[in-house]
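The listed protein sequences derive, respectively, from chains F and V.
Take the first sequence: its letter number 167 is residue 167 in my numbering, and every next letter is one higher.
Take the second sequence: its letter number 68 is residue 68 in my numbering, and every next letter is one higher.
Please note: incorrect hints may appear among the correct ones.
Output of the computed footprint for chain V on chain F, the stretches with three or more beta carbons under 8 angstroms from beta carbons of chain V [as the list claims (entries may be wrong)]:
id	stretch
1	95 to 101
2	106 to 117
3	215 to 227
4	329 to 336
Think of the hints as simulated: they come from the structure by calculation, not from any bench.
Treat the numbers as computed from the prediction; the structure is a model and nothing was measured.
Yeah, the Cβ is synthetic: ideal placement off N, Cα and C, and Gly gets one too.
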Amino acid sequence: MEKDIAIKVENVSKTFRIPHEKISSLRGAAVNVFKKKSYEEFQALDDVSFEVKKGEFFGIIGRNGSGKSTLLKILAGIYQPDHGKVYIQGLISPFLELGIGFNPELSGRDNVYLNATVLGLTKKQINAKFDSIVAFSELERFIDQKLKNYSSGMQVRLAFSVAIHANREILLMDEVLAVGDTNFQSKCLTEFNHYKEMGKTVILVTHDVGVVQRYCDRAMLLRNGKIMKIGKAEEVGNEYIYQNMSDEERRMRDEEKQKITNAEKGPDNTKGMELETEKKVIEWEKIKQEDEKRNKIAEITKVEFLDKDGNKKNVFKTGDDLSVRIYFNKNKPVENLNFGIAIFNQEKNYIFGVNTILDKVDTKKYLEKGYCQVDYNNIPLKTNTYFIKSGVFGDTDTIAYDFIHKSESFNVFSDDKNQGLIEINYSWN
Amino acid sequence: MKSHENYKELIWVLAKTDFKLRYHGSVLGYAWALLKPLLMFAILNFVFSYLFNSRGNGIPHYSLQLLTGIIIFNFFSEGTMAGMASLLSKSQLVTKIYVPRWTIIVASTINSALIFLMNLIVIAFFFALSRFMPSLEALLLFVIFSLFTYIIILAFALLTAPLYVKFRDLSMIWEVLITLLFYATPIVYSLQMMPANIQKIMLLNPMAFIIHFTKEGLINNHFADFWKTVTFVITVIVAFGLGVFSYSKLSPRIAEEI
Numbered sequence: 001m002e003k004d005i006a007i008k009v010e011n012v013s014k015t016f017r018i019p020h021e022k023i024s025s026l027r028g029a030a031v032n033v034f035k036k037k038s039y040e041e042f043q044a045l046d047d048v049s050f051e052v053k054k055g056e057f058f059g060i061i062g063r064n065g066s067g068k069s070t071l072l073k074i075l076a077g078i079y080q081p082d083h084g085k086v087y088i089q090g091l092i093s094p095f096l097e098l099g100i101g102f103n104p105e106l107s108g109r110d111n112v113y114l115n116a117t118v119l120g121l122t123k124k125q126i127n128a129k130f131d132s133i134v135a136f137s138e139l140e141r142f143i144d145q146k147l148k149n150y151s152s153g154m155q156v157r158l159a160f161s162v163a164i165h166a167n168r169e170i171l172l173m174d175e176v177l178a179v180g181d182t183n184f185q186s187k188c189l190t191e192f193n194h195y196k197e198m199g200k201t202v203i204l205v206t207h208d209v210g211v212v213q214r215y216c217d218r219a220m221l222l223r224n225g226k227i228m229k230i231g232k233a234e235e236v237g238n239e240y241i242y243q244n245m246s247d248e249e250r251r252m253r254d255e256e257k258q259k260i261t262n263a264e265k266g267p268d269n270t271k272g273m274e275l276e277t278e279k280k281v282i283e284w285e286k287i288k289q290e291d292e293k294r295n296k297i298a299e300i301t302k303v304e305f306l307d308k309d310g311n312k313k314n315v316f317k318t319g320d321d322l323s324v325r326i327y328f329n330k331n332k333p334v335e336n337l338n339f340g341i342a343i344f345n346q347e348k349n350y351i352f353g354v355n356t357i358l359d360k361v362d363t364k365k366y367l368e369k370g371y372c373q374v375d376y377n378n379i380p381l382k383t384n385t386y387f388i389k390s391g392v393f394g395d396t397d398t399i400a401y402d403f404i405h406k407s408e409s410f411n412v413f414s415d416d417k418n419q420g421l422i423e424i425n426y427s428w429n
Numbered sequence: 001m002k003s004h005e006n007y008k009e010l011i012w013v014l015a016k017t018d019f020k021l022r023y024h025g026s027v028l029g030y031a032w033a034l035l036k037p038l039l040m041f042a043i044l045n046f047v048f049s050y051l052f053n054s055r056g057n058g059i060p061h062y063s064l065q066l067l068t069g070i071i072i073f074n075f076f077s078e079g080t081m082a083g084m085a086s087l088l089s090k091s092q093l094v095t096k097i098y099v100p101r102w103t104i105i106v107a108s109t110i111n112s113a114l115i116f117l118m119n120l121i122v123i124a125f126f127f128a129l130s131r132f133m134p135s136l137e138a139l140l141l142f143v144i145f146s147l148f149t150y151i152i153i154l155a156f157a158l159l160t161a162p163l164y165v166k167f168r169d170l171s172m173i174w175e176v177l178i179t180l181l182f183y184a185t186p187i188v189y190s191l192q193m194m195p196a197n198i199q200k201i202m203l204l205n206p207m208a209f210i211i212h213f214t215k216e217g218l219i220n221n222h223f224a225d226f227w228k229t230v231t232f233v234i235t236v237i238v239a240f241g242l243g244v245f246s247y248s249k250l251s252p253r254i255a256e257e258i
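Build out the structure end to end from the sequences listed, making use of the hints.
Structure follows, in structure tokens:
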């Protein structure tokens, strides 16, 4: 193995057997000898290979159940891989959580000794580092108090302080930055950077893309136990966001399908008198609603998001073309209709709004088609979730015939490194 | 994995913490470690000395014999219980970090050994009270037997701690067996009360061997003959080997079972 490699993982696989019935008694085991073994196999890791260089800040991201914690446990030596090999150069910190062994009944001082010993330090080493550990945690005044009197933030500070003094060359961290106040977080970050300067390696497992993109040099995206992408933290993070959004899109589509099938199945499922009456009530409500609708001069029936080829979509990239299509029904004969469309982000910030009155659009063609459409070119929207407010009006925009307060949402993501609500073309000068 | 070169310190710190926390928050504190066997001694001594009159049966220094037996057996029962439950009760150290699992098992048994050492003071006190001084050889033998008791505890813990993670009713079974074993071991009675062939069978139980010959040594200055000793030592070695073998087979996958 080359000298600059800290961790090398080769074709590692790990399968868990999940019994349908967990046997945790001898009787159960005795009975089960005669039964067919029933369990499901769950492949947590499937032929995973990668390398981490020394001095790298490496992120592992993925959704729950993607195998990232299993991988970390294999690196730490807690699990044995079924296949494959793990090579590690340098002392690895074998812990995944902060404050292992912490006991609320002991004083802060005793807990430092306990925790540091568990992390592999000798008493002599702890004695030498004790002041520095306490100083970093900023808990000098409380160190002889019992741990149970600490706030959770204080406990984390103490635990983290011990962890970074454990003096390992490779640090494994599972979701540890999620806790602690911002002050302490930035302190940790500085400490991590300090680690990098010393040529130490940090491996961070999280499902927080922000953390990975902010802190890590390189990252790896796991999905169902396989490596989906490995490379620059920025790109891997974006891939993860995109993947999640596509999942969201799929879910929405599935839900819609489910609704339709449910509606089709509906009448067959009704049984008995109660359901019969219930059905009547529902029907009655429907009629009532339709009556109300008829009283409306016009109503909006559907909002759709389309890409530049006219395909329905809910995920866009910054700079993509986006079209919003508003379908409507005309219930009473009317001369003219006007439309307004406004984009909001999920924090309910008003981003952009247009309407046909101000833009003096001839809306006759919309009346024929049954929908109106706005094309936005190169949307300058930043990564977020957005929705539409939309209204249909007569000749003035004061009284709406119908108004949608919140449409279905669409998502935008981007690779940019800047911040704010919208993307503005810029260059440093 | 070369991440832990501080095994000794790790074991010691874990044992010390257990010891500190064991009687934590109780008014009498460490006194409980002494009170438990003492109370048992008081009851059994009353029942067998006065009600059944074992003294009349010609057992010399019955109370001292009883106390010695109870305290050794108490060491055994506490040690095996704690050892069996060690991995499960410290599951965080198994699933969230890599430390060699045997250090956890050893630490929990050391805790029982510390309590045993405290109890030795009680034995010494009662011997002094009776103005009885055992021979030097007997005292040396007592030390060796104490070490053997510890080895038996450790063997049992190595065997059962990984199994207990899977089969939680082991502790119930062991609790029942311990009670049974207490009466199958010559503690409240003397081995000589049994028929000769039964005596031979009983001595195959290493705890019976230890307690019987500790008592015999301390009180009567009698020692076990060569072949009995060889059988005993071999039994303990085999038990220990079994414990280590089972541990090495089961421990790699233990984190997944918890």
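8 angstroms C-beta criterion, at least three residues: is the stretch 106 to 117 of chain F covered by chain V: The restraint on the stretch 106 to 117 of chain F holds, since 5 of its residues have a Cβ under 8 angstroms from chain V and three suffice.
With a C-beta cutoff of 8 angstroms, work out whether three or more residues of the stretch 95 to 101 of chain F approach chain V closely enough for the coverage to hold. n = 5 at 8 angstroms, threshold three: holds.
Verify this for me: three or more residues of the stretch 215 to 227 of chain F with a beta carbon less than 8 angstroms from a beta carbon of chain V. As far as the stretch 215 to 227 of chain F goes, the hint is violated, because 0 residues have Cβ atoms under 8 angstroms from chain V.
Examine the stretch 329 to 336 of chain F: at least three residues should have C-beta closer than 8 angstroms to a C-beta of chain V. Check failed, 0 qualifying residues.
Hint compliance for this structure: hints 3 and 4 are not met, and every other hint is.
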